[in-house]
Amino acid sequence: MTGGLLFASVGVILFAMGVAGVLLLGHLLRRILAFNIMGSGTFLVLVALAQRNGIADPVPQAMVLTGIVVAVAATALALALARRLYVLTGKLELSQDDEE
Amino acid sequence: MMVWLILLPLLWASLAFMLGPSRGVWLSIVGLAAQLWLAFALAAEIVGSGAAMHAVGGWGAPLGIDLVADGLSAAMLLLTQCIALPLAVYAHAYFKRDDPATTYFWPLVGFLLAGLNALFLSTDLFNIYVTLELLGLAAVGLVAAGGGAQQIAAALRYLFATLVGSGAYLLGVALIYGTYGTVSTVTLVSLIGADAPDLVWIAGGLMVLGLMLKTALFPFHFWLPPAHGGAPAPVSALLSAVVVKASFYLVLRLWIGPFSSLTVVASLVVWFPALLGTLAVFWGSYQAIRAERLKMLIAYSTVAQLGYLFLIFPLLASAGALQAGIMQAFAHGLAKAAMFAAAGTLIKATGQEMVAGLAGVAERLPVTLFAFGLAGITLMGLPPSAGFLAKWQLIELALSQQHWVIAFVVLVGGLLAAVYVFRVLRQAFLLAPAGSVVTPVPRTLEWTAFGLAAASVLLGLRGVELMQLVGVT
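Those protein sequence lines, which keep their order, are chains B and F. Under the numbering used here, the first residue of the first sequence is numbered 1, with each subsequent residue one higher. Under the numbering used here, the first residue of the second sequence is numbered 1, with each subsequent residue one higher.
Don't read these hints as lab results, they were simulated from the structure. Glycine included, each C-beta is placed from N, C-alpha and C at the ideal position. Heads up, some of the hints might be wrong.
[To be verified] Derived CB-CB ranges, DEER-like:
hint, chain 1, residue 1, chain 2, residue 2, range
1, F, T473, B, H27, 47 to 55 angstroms
2, B, A80, F, G181, 36 to 44 angstroms
3, F, A55, B, L24, 43 to 51 angstroms
4, F, Q401, B, L24, 35 to 43 angstroms
5, F, P21, B, P58, 36 to 44 angstroms
6, B, L29, F, P100, 24 to 32 angstroms
7, F, F408, B, A80, 45 to 53 angstroms
8, F, L11, B, L23, 35 to 43 angstroms
9, B, L33, F, E396, 45 to 53 angstroms
10, B, S9, F, V405, 34 to 42 angstroms
11, B, I55, F, W271, 38 to 46 angstroms
12, F, I256, B, A80, 32 to 40 angstroms
Same shape as in the complex, but just chain F (with noise of 0.2 angstroms):
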């Protein structure tokens, strides 16, 4: 079953590539559609009988490479599948037939999701690394997919990012092989302890950064507004609903497991992903809050969410953490996922894609801005959402731990979020000016964006469920 998620996101997208440009698209949504449904039994399996594994080729660790679905990975790869398959339908709908931007869309699409479900699944380091490069150049690829020449200079800049990020990564993985002598996390963790080496504190220090600078973590945040703001709506809905959790849930996987001894030993560390969180957190919204693309302003607001992603590394030692960081990842991913999507549609409709040029569409497009509320919802961490169980964890989790800061983080952030997503209502309801146009847009198109921000508000409904699966280790 394992396999099958890796492989089927594969063929589909080798099919799609041979049926030359622009075509597979009910190829794609079917193996989507066969993912999801992998990845709701995986999850059932596992809260059933605890964590599986399979042994890629028969061939097992150290000589192989093992596969291992525990409850995170199964939670991560559960909400890629779910994100995805709205989006792939959203995809159809919005492009045109005869959009250059679709013609490597659909096995671009396949590929990245083909690394990611390695990624979640993978316990080798150096595989790991595989699955980072396939996914950041199948990004790179659809960033630059639009064509127009700041398409192609944002994908540059990713690309460079990306490429610096997975080579730190590398040098790290490097060292430990050179130390141990084996890139399994699995055994790596009985093998570093805290007497360890500088030398695996300096590649534990490599590897971290590396991903940061993937998850586009404050400061190295300055690629990912140029390049989930400029691509095309599924492609930046993809992006930062999903690819940037990736490499979050690298640095979480080897905070908890081979770095988990070097942590506690430094205490003071835990605050270092913290401190670029929150700065994280204000920067991103203070620039949210400036931005006049509309676009610009969902993509800063990525930036400031995923700083909340951070805030919960000096909270893991108690249990619950590791929920709280997923829950929000989940609530993010939904509401991100739903907020480009709507945003695209917005910019479809009006042909404007400041945020100023928004006025009126509350009237003619009501459904989309409901969906872009009901995101903004989440996002602000108000009842019953999934982001407001995320932020409710994480406040009464730092509180119980007296610490005063993250509490206050989250609820600065929480009230900066309002301001930016208001600002967006706000020109909503204005009266249209007289003789502005709005081109009607295909039904699909708002009800998959509304789909998926019910979707990240009624998921706090089902809360507990979620948070049982990722306790299975």
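Isolated chain B, as found in the complex (with noise of 0.2 angstroms):
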């Protein structure tokens, strides 16, 4: 196996692990971390298959930067939500049974 490869296996492993996260926890703070580290498996999936005969390509790693623009923004976006909700229900969870 390849450094590329490992690489590869290890960032689908992290995908996998913040997407079971984000579904399966309950506390909010915890999702959004999730949800990073789901992020980061696939900046790591695009870099290291990206690789010819050991010389990396740089539009992968361009485009990893705007992913990274992205998940921040992302990011910033569901933390200012989480603490808006926090000052209205003095919760840090969605509850279950707000669904109709």
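Each chain sits in its own coordinate frame; assemble them with the hints.
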């Protein structure tokens, strides 16, 4: 197994862990962190797979930079909403019973 | 022209943001009117001379990003602008001057439209990811704009769903780039052959599933009713009418574009979206029939109507299936915008959120109720509405290929839609209980909803032009 494939496999595992966390965890901060792990996993796959004969490809690195900007924006929005929810309800969890 | 469809909303959104909270109404409406004109001009140009292309900054693919407008994207652009302009006029009349929901309403709408327009024009898988996120974040901001605890919770649930959806999509893009070294959809069409490695199948699965989650296709619809049902009426209308269609458009684009050779090899795979679509039609209609809150009823009706869009996948091999799908997208988009707008007016006037609280509105708000009824006609698929045309074509195609199931689902879905539409109408025609108060509402609210509803019915008479536009490649 080459280094690139090893990193890509780790990336896939991180992605799966992140998705499981976003879907299954209750605490909002944990879910936001899980989303970031999910994103990091994807970025790892993107960079690791795109090596040709050991030479790094610059295009996916530019994509990852863009992806990080998007992830930061999404995290900031999620944190702002979570904080607002805490101010309003005093809880940092989404209750299950408000779905009709 | 294409570039201005993306730059213009970005421009007025940024200006509206700089003007300060709740400002920039007229700026936005003028911008939207210009966009509508641009979308019509683009469509006319494409019908005349075929698909148009623009290399952003003079850099073509594979290094740069190409924007391509063909019939499909021009039609979706047209739909988006046609719905956004009347809804902006509606929103201006709907919100009170000091309503906290309007603080960032106009900038967010602008960014949402920029994301949508860029998404419809992009031919670069990664650029599409960026537009998906722009769209998703702006939409979450709009859902949260009301500021109540329930709206914030709905916005968070929506945010997590949309992030997981685009995360899965991005992982798919990473695998595709790792395999082929390109993200241009045009180049990928010829690269992905029937003998594609397993990794490409996984990538395709991840991308399609992620986008289905964002489209709220059953069983991924859990986030839609609270988000669309809880947001302020103009926001619900915009989200239900166009935003969920964007990810459907992408599934369709990928399906008939880069992944077309995969779907030919595995002929059973076409039944997967159709099966989920069928379940969506039944489950969404059932929940709409049971719903007690008016806006929840309409939101579940969206879940059901989105199901029809996915019924076209087994039929895509024959000509006309694409047209039927886009016609359904138009019919539902216009009708659902009208329905949410009418519901917003009814709720504002009566102060009642429940279906049961609507007694007597037929007498007091006839125009709004008529708009609701017209939109209902489109959802049920009665002639001459656009919904009728879409369903007629779908049934005809299904029967010509012996797929009786699809024709059956379309017919039963229409009947179920009639049940929940008539539930509302029946209640509206009851006598108002003594002592109920109906506060007067601005005329604009009534007539914009009516205009949208009338458009959804009358489009059926001009269906040929639309189908001709969709056919341009």
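Here is what the structure says about each hint:
1. F:T473 x B:H27: 47 to 55 angstroms: holds, 50 angstroms
2. B:A80 x F:G181: 36 to 44 angstroms: holds, 38 angstroms
3. F:A55 x B:L24: 43 to 51 angstroms: holds, 44 angstroms
4. F:Q401 x B:L24: 35 to 43 angstroms: holds, 42 angstroms
5. F:P21 x B:P58: 36 to 44 angstroms: The hinted range 36 to 44 angstroms holds for F:P21 and B:P58, with Cβ atoms some 42 angstroms apart.
6. B:L29 x F:P100: 24 to 32 angstroms: holds, 26 angstroms
7. F:F408 x B:A80: 45 to 53 angstroms: Roughly 47 angstroms apart at Cβ, these two residues keep to the hinted range, so it holds.
8. F:L11 x B:L23: 35 to 43 angstroms: holds, 38 angstroms
9. B:L33 x F:E396: 45 to 53 angstroms: holds, 52 angstroms
10. B:S9 x F:V405: 34 to 42 angstroms: holds, 41 angstroms
11. B:I55 x F:W271: 38 to 46 angstroms: Once the Cβ atoms are compared, 43 angstroms apart, the range 38 to 46 angstroms for F:W271 and B:I55 holds.
12. F:I256 x B:A80: 32 to 40 angstroms: holds, 39 angstroms
Hint check: no violations occur; every hint is consistent with the structure.
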